[in-house]
Amino acid sequence: MRFWQLFIRSLKETCRDVLALSFVLAFPLLFMLVLGISFGDSSPSYTIGVVDNDGSQVSQGFVDEAISMVPAFEVEMLDDAEDALEALKQGDLSVYIVLPEGFGQQVSYVLQGADGNIELDITYDESDLQVSGQVISTIDTVTRTFAGVEIPVTINANPINIETEVTSVDFIGPGIIIFGLLIMIPTSGRLMLRDKESRFLYRMLTTPARPWEFIAGYSLSMVLIAIIQIVIFMLLGWLFGMDIIGSIWLAFAIFLLTAICSIGIGMVVASLSKSENQGESLSWLFSMPLAILSGVWFSSEFMPSYIRTFADIFPFSHAVDAARTIITRGAGFEAVTGDFFFLCGWAAVVFTIGTLLFARTMRS
Amino acid sequence: MTAEDPRLDREPDDSFAIQTFGLRKQFGELVAVDSINLDIKKGELFAFLGPNGAGKTTTISMLCCLLKPTGGTARIMGYDINREPYRVKEVIGVSPQDTTLSEHLSSRENLNLVGRLHGIDPKKLKTWSQLMLQTMGLADRAKEQVRRFSGGMKRRLNIAMALIHNPDIIFLDEPTLGLDPQARRAVWSYIARLKGEKTILLTTHYMEEADFLADRIGIIDEGKIVALGTALDLKTGMIDTHTMVVQAWNLTQKLIIEMRERYAKIDISNGTMTITDKKIDFREIVDRLHDANVSIRSAYIKEPTLEDVFINITGKELRE
Chain A
-19 MRFWQLFIRS LKETCRDVLA LSFVLAFPLL FMLVLGISFG DSSPSYTIGV VDNDGSQVSQ
41 GFVDEAISMV PAFEVEMLDD AEDALEALKQ GDLSVYIVLP EGFGQQVSYV LQGADGNIEL
101 DITYDESDLQ VSGQVISTID TVTRTFAGVE IPVTINANPI NIETEVTSVD FIGPGIIIFG
161 LLIMIPTSGR LMLRDKESRF LYRMLTTPAR PWEFIAGYSL SMVLIAIIQI VIFMLLGWLF
221 GMDIIGSIWL AFAIFLLTAI CSIGIGMVVA SLSKSENQGE SLSWLFSMPL AILSGVWFSS
281 EFMPSYIRTF ADIFPFSHAV DAARTIITRG AGFEAVTGDF FFLCGWAAVV FTIGTLLFAR
341 TMRS
Chain B
2 MTAEDPRLDR EPDDSFAIQT FGLRKQFGEL VAVDSINLDI KKGELFAFLG PNGAGKTTTI
62 SMLCCLLKPT GGTARIMGYD INREPYRVKE VIGVSPQDTT LSEHLSSREN LNLVGRLHGI
122 DPKKLKTWSQ LMLQTMGLAD RAKEQVRRFS GGMKRRLNIA MALIHNPDII FLDEPTLGLD
182 PQARRAVWSY IARLKGEKTI LLTTHYMEEA DFLADRIGII DEGKIVALGT ALDLKTGMID
242 THTMVVQAWN LTQKLIIEMR ERYAKIDISN GTMTITDKKI DFREIVDRLH DANVSIRSAY
302 IKEPTLEDVF INITGKELRE
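Going down the list, the protein sequences come from chains A and B.
Per the numbering used here: the first sequence = residues -19 to 344.
Per the numbering used here: the second sequence = residues 2 to 321.
One chain only, chain A, in its complex shape (with noise of 0.2 angstroms):
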């Protein structure tokens, strides 16, 4: 039980270190709250141009049932796109929708199960940051949600209540959320680069403890840290309004794995790095671009393909995948049995390769 005593003492030199600490479980939260505050506020509006071609039942339902529901929506009908072009270089729309032909067609074809996506021309003005970022991401979640597609295309046999009301805080929550838990990187392998600095871990060196102790040791206090922060953030989340429509256990599993890869990151990272300097900026210069590619803010579904499947290596972006079907569209485990396991295996190798790399550095 020697990784315990190692726990104990990482716990204890974490908790005692007041400034460390807050650090730790007060930088992520901050940007949560700042986030929350932003985006929780149903106050932005954005005035959304529809043109529909289709002209069916469902086109219709699609535009009230849907797009009407976001708070932050005002929808406006249009006759045809030159209308809509124009009324958006105005300024008069946010953004406009094409609904084309047979589009009715192709969602009832969705729910019934077979293969296909739904195609949406959607024209905005590219140098609007925030509608490029936000509104697109909540049109595609609304979209989804509607026909029922996964993300990435997939059909899902269990059509989600469309009566739900997405907020930019259901679309955005999730997203926050995974990248509170992914700026666990830089904080999770600070002890273990401290003790390097101060000399301390090469103390413990001479103990007959084994590398996978000192790994279990250092990251079982970060992940009794990350239960407690996934816990906040959830609390956080619904008072801003996120609704979770699925298991909230499940969620929180999803969450909880993806804190653990991100500790096993933090710990690879750690292992390879010789001071607290070198291991910071190394994790910063990681995290904040795969923060971006996983989608955590913007949808990836309108990034290129290669960034989206070079983003699917890690884990992220399967992470905020499987909180979103849980959080928004209710889905259940068979929904993200996938990611699920994506995220184990992805835990499991970043755990080996993090032991690895510090027994190496154990004895150089």
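Among these hints, one or two may not hold up.
Claimed, not checked - In silico BS3-like cross-links for lysine-lysine, where the CA-CA straight-line distance does not exceed 30 angstroms: (1) B:K266 x A:K254; (2) B:K196 x B:K303; (3) B:K225 x B:K236; (4) B:K127 x A:K(-8).
To be verified - Not everything, but these chain B residues come out facing chain A in the computed CB check (under 8 angstroms): (5) L106; (6) H119; (7) A143; (8) Q146; (9) D309.
Said to hold, decoys possible - Which bits of chain B does chain A cover? Going by a derived footprint, with three or more residues having C-beta under 8 angstroms, they are: (10) 55 to 67; (11) 77 to 91; (12) 96 to 105; (13) 108 to 118.
No lab work stands behind these hints, which were simulated from the structure alone.
Beta carbons are placed, not taken as given, at the ideal position from N, Cα and C, and that holds for glycine.
Keeping the supplied structure of chain A fixed, place chain B upon it in accordance with the hints.
Chain B alone, transformed into the frame defined by chain A:
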């Protein structure tokens, strides 16, 4: 190299706690430890004496299984450092050169951590840590986080952490580095108490520390052991000259010239004459000075120190 070392072919010798066989460490072009062969008996206090960068800490790091040797090997209580590192770690206690403590833990918690990692029973450990804290004069600050401790207190705890699990071999790497003379004496007395009970390998660059504590001394320079023996052996065996120091009021130039003709080396500094030669006759020198009407304030024969030995061995002649 080591394969040719006949000692390696034999079964581990029970009387030795530490044996090195052509132990070598090279960092790029730099040879930090150059094929050291050493036998340290159980219960012996052995001191590695040498300047900074001589290879003392690198040697200890290899013996503690923190550094992989580039060549050769060593046996610690019969366990090979390359093949059985975890067995080695079970029988050693290490006090590193830097005071390495878990700063937000109390002194008792630091001791308990090391003890538990060595598998000591918690009840036994409670008694041992109390005893250790008392011995080191830290009992009244047992519950305080060590980040608030003075340098001397941290140094004592650093040593206590090497002893808490009752190891067979203790490595003390520069145990009094940076301490004031009073604190240094206190640490010496703790170490002296362990003599005979434990095998201790101590590194130091303080000559008097090695002289005061060690049963045997290995002088290490540029990664090589250049002299080995007891302090007395080294002083008598390695120094073939004697020195007399005379403090006098009125040394004349004429007398100094005469003395320089008579003795091998005469140094004059602030009214102090230092006479060095293979043979020194105290009476004869005093009489000579009296005859020259010199008023002598004090005169004594200076015993050779390890410093003299060190300078004698690692001086220019040797390095050139």
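Against the structure, the hints come out as follows:
1. B:K266 x A:K254: violated, 52 angstroms
2. B:K196 x B:K303: holds, 29 angstroms
3. B:K225 x B:K236: holds, 19 angstroms
4. B:K127 x A:K(-8): holds, 19 angstroms
5. L106: It holds, given that the least Cβ distance between B:L106 and chain A is near 6 angstroms, below 8 angstroms.
6. H119: With a minimum Cβ separation of about 6 angstroms from chain A (threshold 8 angstroms), the hint on B:H119 holds.
7. A143: violated, 15 angstroms
8. Q146: holds, 7 angstroms
9. D309: With Cβ-Cβ at 34 angstroms, over 8 angstroms, it is violated.
10. 55 to 67: Per the Cβ count (3), the hint holds.
11. 77 to 91: Check passed, 4 qualifying residues.
12. 96 to 105: holds (count 7)
13. 108 to 118: holds (count 5)
Violated hints, listed in ascending order, are 1, 7, 9; each of the other numbered hints is respected by the structure.
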